[in-house]
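Protein sequence lines, in the order shown, are assigned to chains A and B. Counting in this note's numbering, the first sequence runs from 1 upward without gaps. Counting in this note's numbering, the second sequence runs from 1 upward without gaps.
Read the hints as simulated data drawn from the structure, not as lab findings. You may find that some hints are simply not true.
Capping the alpha-carbon separation at 35 Å, the derived lysine-lysine pairs in DSBU-like fashion look like this [unchecked claim]:
#, chain 1, residue 1, chain 2, residue 2
1, A, Lys-110, A, Lys-30
2, B, Lys-162, B, Lys-228
3, A, Lys-166, A, Lys-68
4, A, Lys-136, B, Lys-369
5, A, Lys-363, B, Lys-208
6, A, Lys-369, B, Lys-3
7, B, Lys-444, A, Lys-363
8, B, Lys-68, A, Lys-444
9, A, Lys-110, A, Lys-29
10, A, Lys-30, B, Lys-162
11, A, Lys-29, B, Lys-162
12, A, Lys-136, B, Lys-162
13, B, Lys-162, B, Lys-30
14, B, Lys-166, B, Lys-68
15, B, Lys-126, A, Lys-369
16, A, Lys-68, A, Lys-2
17, B, Lys-68, A, Lys-29
18, A, Lys-228, A, Lys-126
19, A, Lys-444, B, Lys-211
20, A, Lys-30, A, Lys-3
21, A, Lys-29, A, Lys-162
22, A, Lys-369, B, Lys-2
23, B, Lys-68, A, Lys-126
Since this is a predicted model, take the numbers as computed values, not measurements.
Number of protein chains: 2
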Amino acid sequence: MKKADIVVIGGSAAGLTAAITARRHYPEKKTLLIRREDQVLIPCGIPYIFGTVGSPENNLIPDAVLDKNGIELMIAEVASIGREDNMLETSEGEIAYERLILATGSLPTKPPIQGIDLPGVFTIQKDVDYLRNLQKQLEAATNVVVIGGGFIGIEFADEINKATGKNVTVVEIAPHCLSLAYDEEFCVEMEELVRSRGITLRTSSKVKAIKGQDNVEEVALDDGSTIKADLVILGVGAGPNVELAANAGLQIGTQTGAITVDRTMRTSDGNIYACGDCAKKISFFGGAPSNLRLASIATSEARIAAANLYGLRRENIGTVGVWSTSVGNLAMGTAGLTEDMARDRGYCAVSATVEGPNRHPGKMPGAAKTVLKLVFEQHSGVILGGQVMGDATAGEIINALSACIQSRMTAEDIAMFQTGTHPALTASPIAYPLVNAAEMAIGKMGN
Amino acid sequence: MKKADIVVIGGSAAGLTAAITARRHYPEKKTLLIRREDQVLIPCGIPYIFGTVGSPENNLIPDAVLDKNGIELMIAEVASIGREDNMLETSEGEIAYERLILATGSLPTKPPIQGIDLPGVFTIQKDVDYLRNLQKQLEAATNVVVIGGGFIGIEFADEINKATGKNVTVVEIAPHCLSLAYDEEFCVEMEELVRSRGITLRTSSKVKAIKGQDNVEEVALDDGSTIKADLVILGVGAGPNVELAANAGLQIGTQTGAITVDRTMRTSDGNIYACGDCAKKISFFGGAPSNLRLASIATSEARIAAANLYGLRRENIGTVGVWSTSVGNLAMGTAGLTEDMARDRGYCAVSATVEGPNRHPGKMPGAAKTVLKLVFEQHSGVILGGQVMGDATAGEIINALSACIQSRMTAEDIAMFQTGTHPALTASPIAYPLVNAAEMAIGKMGN
Numbered sequence: 001m002k003k004a005d006i007v008v009i010g011g012s013a014a015g016l017t018a019a020i021t022a023r024r025h026y027p028e029k030k031t032l033l034i035r036r037e038d039q040v041l042i043p044c045g046i047p048y049i050f051g052t053v054g055s056p057e058n059n060l061i062p063d064a065v066l067d068k069n070g071i072e073l074m075i076a077e078v079a080s081i082g083r084e085d086n087m088l089e090t091s092e093g094e095i096a097y098e099r100l101i102l103a104t105g106s107l108p109t110k111p112p113i114q115g116i117d118l119p120g121v122f123t124i125q126k127d128v129d130y131l132r133n134l135q136k137q138l139e140a141a142t143n144v145v146v147i148g149g150g151f152i153g154i155e156f157a158d159e160i161n162k163a164t165g166k167n168v169t170v171v172e173i174a175p176h177c178l179s180l181a182y183d184e185e186f187c188v189e190m191e192e193l194v195r196s197r198g199i200t201l202r203t204s205s206k207v208k209a210i211k212g213q214d215n216v217e218e219v220a221l222d223d224g225s226t227i228k229a230d231l232v233i234l235g236v237g238a239g240p241n242v243e244l245a246a247n248a249g250l251q252i253g254t255q256t257g258a259i260t261v262d263r264t265m266r267t268s269d270g271n272i273y274a275c276g277d278c279a280k281k282i283s284f285f286g287g288a289p290s291n292l293r294l295a296s297i298a299t300s301e302a303r304i305a306a307a308n309l310y311g312l313r314r315e316n317i318g319t320v321g322v323w324s325t326s327v328g329n330l331a332m333g334t335a336g337l338t339e340d341m342a343r344d345r346g347y348c349a350v351s352a353t354v355e356g357p358n359r360h361p362g363k364m365p366g367a368a369k370t371v372l373k374l375v376f377e378q379h380s381g382v383i384l385g386g387q388v389m390g391d392a393t394a395g396e397i398i399n400a401l402s403a404c405i406q407s408r409m410t411a412e413d414i415a416m417f418q419t420g421t422h423p424a425l426t427a428s429p430i431a432y433p434l435v436n437a438a439e440m441a442i443g444k445m446g447n
Numbered sequence: 001m002k003k004a005d006i007v008v009i010g011g012s013a014a015g016l017t018a019a020i021t022a023r024r025h026y027p028e029k030k031t032l033l034i035r036r037e038d039q040v041l042i043p044c045g046i047p048y049i050f051g052t053v054g055s056p057e058n059n060l061i062p063d064a065v066l067d068k069n070g071i072e073l074m075i076a077e078v079a080s081i082g083r084e085d086n087m088l089e090t091s092e093g094e095i096a097y098e099r100l101i102l103a104t105g106s107l108p109t110k111p112p113i114q115g116i117d118l119p120g121v122f123t124i125q126k127d128v129d130y131l132r133n134l135q136k137q138l139e140a141a142t143n144v145v146v147i148g149g150g151f152i153g154i155e156f157a158d159e160i161n162k163a164t165g166k167n168v169t170v171v172e173i174a175p176h177c178l179s180l181a182y183d184e185e186f187c188v189e190m191e192e193l194v195r196s197r198g199i200t201l202r203t204s205s206k207v208k209a210i211k212g213q214d215n216v217e218e219v220a221l222d223d224g225s226t227i228k229a230d231l232v233i234l235g236v237g238a239g240p241n242v243e244l245a246a247n248a249g250l251q252i253g254t255q256t257g258a259i260t261v262d263r264t265m266r267t268s269d270g271n272i273y274a275c276g277d278c279a280k281k282i283s284f285f286g287g288a289p290s291n292l293r294l295a296s297i298a299t300s301e302a303r304i305a306a307a308n309l310y311g312l313r314r315e316n317i318g319t320v321g322v323w324s325t326s327v328g329n330l331a332m333g334t335a336g337l338t339e340d341m342a343r344d345r346g347y348c349a350v351s352a353t354v355e356g357p358n359r360h361p362g363k364m365p366g367a368a369k370t371v372l373k374l375v376f377e378q379h380s381g382v383i384l385g386g387q388v389m390g391d392a393t394a395g396e397i398i399n400a401l402s403a404c405i406q407s408r409m410t411a412e413d414i415a416m417f418q419t420g421t422h423p424a425l426t427a428s429p430i431a432y433p434l435v436n437a438a439e440m441a442i443g444k445m446g447n
């Protein structure tokens with residue numbers, strides 16, 4: 001019988017990060033990572049397989065990182081967790097553990113639409129063979145419909161359109177694409193860009209049925225219209241993969257369907273931790289359950305879970321929600337709550353938006369417009385969130401904002417923020433967007 | 001007699017930002033900005049006049065920003081401050097004020113070197129005509145020597161070399177260029193790049209004399225060697241311009257020579273505030289006087305001073321020191337203390353350096369190496385500083401780090417930091433450099 005001190009189940013962002021972190025904090029403990037896949041895809045890179053990077057093989061997490069960190073790898077299916085005797089049943093035999101980390105991830109959501117199982121309808125699976133097959137079928141396709149206009153949907157649509165020139169239509173149920181991440185004015189900017197690149201967007205549109213004989217032929221919408229399609233990609237989110245945990249009797253959240261964990265990432269069994277898409281999340285803002293699932297949340301949770309395995313030292317502050325996307329030369333990032341979300345949750349939200357060049361003087365080469373919107377709670381002045389669009393530096397501006405949010409800075413704090421600025425790299429210190437937007441918001445708070 | 005509620009003396013980064021901020025916080029107050037210059041240069045952009053942007057005219061702060069913010073402008077020389085009756089004597093007559101903000105800036109340091117006043121020796125003055133003359137003389141020069149290998153010196157050297165191909169030599173007294181901002185390994189990287197671009201660096205070299213008849217002809221070093229020069233640029237720093245304040249009897253710091261201010265940016269006269277290069281600074285780390293002078297510090301202080309004019313609401317946390325530079329495709333940023341500085345000041349410093357691609361997968365276009373070093377206090381785990389090199393995104397990575405420093409985050413906090421990541425914009429969430437470096441440092445702390 002095989003034995004390891006620490007066993008991690010799952011080899012994607014959460015599992016890999018948990019195993020690396022466990023080794024860093026407990027180098028004397030034997031650490032085993034069990035995963036189902038021969039090869040592991042970089043989750044956020046999946047859309048880019050279909051354009052920019054060209055193949056699943058160019059979007060893999062190299063296993064060398066396991067060796068380098070002294071992590072043993074086993075490719076196996078875990079059948080069950082025996083919690084009485086800390087024993088796993090796997091396709092490769094029994095494995096005893098001292099501490100177990102569940103990083104079993106998520107499974108693509110398949111809404112109960114008629115025709116959803118027709119050939120030619122694909123979900124987004126983190127599986128090399130599945131995606132290779134999708135790529136092959138894509139070659140033969142003429143009309144592609146992406147259902148779901150979130151990040152993944154937009155990125156898939158743009159990559160396919162860019163690389164193949166096929167007719168690509170995105171169907172989004174909400175009035176705007178990306179509306180779970182951005183306020184309307186940012187969504188509109190991205191929609192205009194995406195449309196200008198030749199993609200058709202059908203917003204406020206609900207899919208009624210997917211139709212076809214041997215293969216998908218069209219997507220029928222609620223308004224009676226139809227869209228020709230010989231390939232459909234479903235990008236409508238994912239749900240936690242908790243079968244193994246549930247079968248082991250671990251507590252599962254009734255609202256989220258995710259494995260219940262406390263702020264230390266421990267499950268209802270003190271020897272078992274969970275992190276990433278399979279683990280229950282609560283919001284940094286107010287503490288209600290959160291359905292956000294991002295690789296960067298998963299890795300943060302993994303670092304908490306693994307560091308706590310033999311002595312609690314880290315607590316999860318809750319999910320802030322920080323992410324970014326990029327189409328053509330436009331990058332957009334978001335952190336925390338949008339203004340709409342903040343209002344919906346009951347905050348008295350005050351916002352300010354500034355725009356200006358991201359170089360100074362504006363005549364410096366590469367200067368591009370940056371637009372930044374910050375959202376604050378009116379009475380406390382605490383930052384609740386922000387959105388940015390600009391060039392590639394927007395991806396790190398949003399991380400500076402994330403640090404402000406995680407420290408619960410107020411608008412006054414941000415107004416005094418000491419930034420580094422440089423003509424060739426950033427906006428002017430006189431008009432640095434974070435600081436300027438905070439000042440503009442203060443003017444609206446009436447405090 | 002002219003009268004304004006708020007008078008700001010000085011029109012560069014600090015003065016302009018103070019006036020804008022005063023208008024934002026006190027829109028009912030009449031605000032007058034008095035400056036000496038017809039046109040105001042973007043201070044950080046000055047080196048780029050000699051290459052990238054081509055002329056002083058392309059590096060101006062447009063006066064439209066004054067109009068837009070309802071700020072009155074007067075071009076005048078202020079002769080004296082009458083503190084008894086709140087009255088300024090100026091070349092345009094007397095002006096009464098209710099509150100006064102001094103933003104008189106700094107003057108280039110001129111070390112007492114033999115020959116320093118020879119024709120052909122230039123300091124770096126924020127003056128359009130002076131720089132136009134420098135630019136003209138540069139055209140005729142063959143051998144250019146830049147004395148001082150700090151940011152400004154390196155940026156001048158690279159811009160002149162890049163635009164004109166002239167022989168450019170940088171003379172630096174310390175063993176490495178940029179050593180006031182970076183630890184040795186970062187300095188070396190920049191030095192290698194600068195040398196590879198055709199610039200000669202003479203480090204550990206002290207200038208003994210500048211020689212010539214009617215014009216500079218050579219620079220003589222302490223080791224007996226000489227460097228041919230028909231143009232010399234002095235980039236050895238600047239000292240506070242406090243003549244007006246000193247003549248008015250305001251308290252001046254004995255160590256710094258700068259106008260004494262408290263944390264609210266008030267001088268020894270409750271109606272007079274000071275900010276920017278002329279104002280005394282204390283370090284965020286330990287509170288000792290600081291000689292750092294940066295436009296981004298100046299603007300932060302200006303926002304504090306102006307907001308406090310009619311009721312104190314903001315306190316200066318002290319100077320963190322955040323800045324960045326860029327040569328060719330390499331950007332380097334620094335925030336807070338370097339490891340050497342931290343040790344010199346008596347901290348038990350622990351550092352960790354990580355490097356990796358700034359995209360994921362590494363096959364994404366535009367992927368470049370990012371190197372990040374973080375410095376922590378060993379016992380508390382509090383972040384003391386960090387340095388980064390990479391592509392243009394380094395300019396904002398350093399701002400994310402600045403937010404961590406200003407919030408006095410610990411390595412544990414940063415290890416749990418929730419970042420936004422994206423294949424086309426940032427490093428992978430599994431190896432995001434801020435987080436990874438914090439984890440590596442924790443491993444060395446032995447806590």
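Tested hints:
The straight-line distance between the Cα atoms of Lys-110(A) and Lys-30(A) is roughly 38 Å, outside the 35 Å bound, and the hint therefore fails. This hinted pair checks out: Lys-162(B) and Lys-228(B) have alpha carbons roughly 19 Å apart, not beyond 35 Å. Distance hint between Lys-166(A) and Lys-68(A) is unfulfilled; the C-alpha atoms sit about 42 Å from each other, more than 35 Å. The suggested pairing of Lys-136(A) with Lys-369(B) holds, with an alpha-carbon distance near 33 Å, which does not exceed 35 Å.
Restraint check for Lys-363(A) and Lys-208(B): the C-alpha separation of about 39 Å exceeds 35 Å, so the hint is violated. As the CA atoms of Lys-369(A) and Lys-3(B) are separated by approximately 39 Å, the hinted pair breaks the 35 Å bound. Restraint check for Lys-444(B) and Lys-363(A): not satisfied, since their Cα atoms lie roughly 45 Å apart, outside the 35 Å limit. Of the pairs offered as hints, the one joining Lys-68(B) and Lys-444(A) holds, with about 18 Å between alpha carbons and a cut-off of 35 Å not exceeded.
Distance check on the hinted pair: Lys-110(A) and Lys-29(A) sit about 40 Å apart at the alpha-carbon level, beyond 35 Å; violated. Taking the CA atoms of Lys-30(A) and Lys-162(B), the gap is about 55 Å. The hint is violated against a cut of 35 Å. Between Lys-29(A) and Lys-162(B) the CA atoms are separated by roughly 55 Å; this puts the pair beyond 35 Å, and the hint is violated. Of the supplied pair hints, the one linking Lys-136(A) and Lys-162(B) is violated, its CA atoms being roughly 49 Å apart against a limit of 35 Å.
Restraint check for Lys-162(B) and Lys-30(B): the C-alpha separation of about 46 Å exceeds 35 Å, so the hint is violated. For the hint linking Lys-166(B) to Lys-68(B), the alpha-carbon distance of about 42 Å lies beyond 35 Å, and the restraint is violated. With a C-alpha separation of about 27 Å, the suggested pair Lys-126(B) and Lys-369(A) falls inside the 35 Å cut-off, and the hint holds. Distance restraint check for Lys-68(A) and Lys-2(A): the Cα-Cα separation of roughly 22 Å lies within the 35 Å cut-off, and the hinted pair is therefore satisfied.
About 64 Å separates the Cα atoms of Lys-68(B) and Lys-29(A), which puts this hinted pair outside 35 Å; it is violated. Taking the CA atoms of Lys-228(A) and Lys-126(A), the gap is about 27 Å. The hint holds against a cut of 35 Å. With a C-alpha separation of about 60 Å, the suggested pair Lys-444(A) and Lys-211(B) falls outside the 35 Å cut-off, and the hint is violated. Between the alpha carbons of Lys-30(A) and Lys-3(A) the distance comes to roughly 9 Å, so the proposed pair stays at or under 35 Å and holds.
Of the supplied pair hints, the one linking Lys-29(A) and Lys-162(A) is violated, its CA atoms being roughly 48 Å apart against a limit of 35 Å. Taking the CA atoms of Lys-369(A) and Lys-2(B), the gap is about 40 Å. The hint is violated against a cut of 35 Å. Between Lys-68(B) and Lys-126(A) the CA atoms are separated by roughly 53 Å; this puts the pair beyond 35 Å, and the hint is violated.
When the structure is compared with the earlier hints, violations turn up for hints 1, 3, 5, 6, 7, 9, 10, 11, 12, 13, 14, 17, 19, 21, 22 and 23 and for no others.
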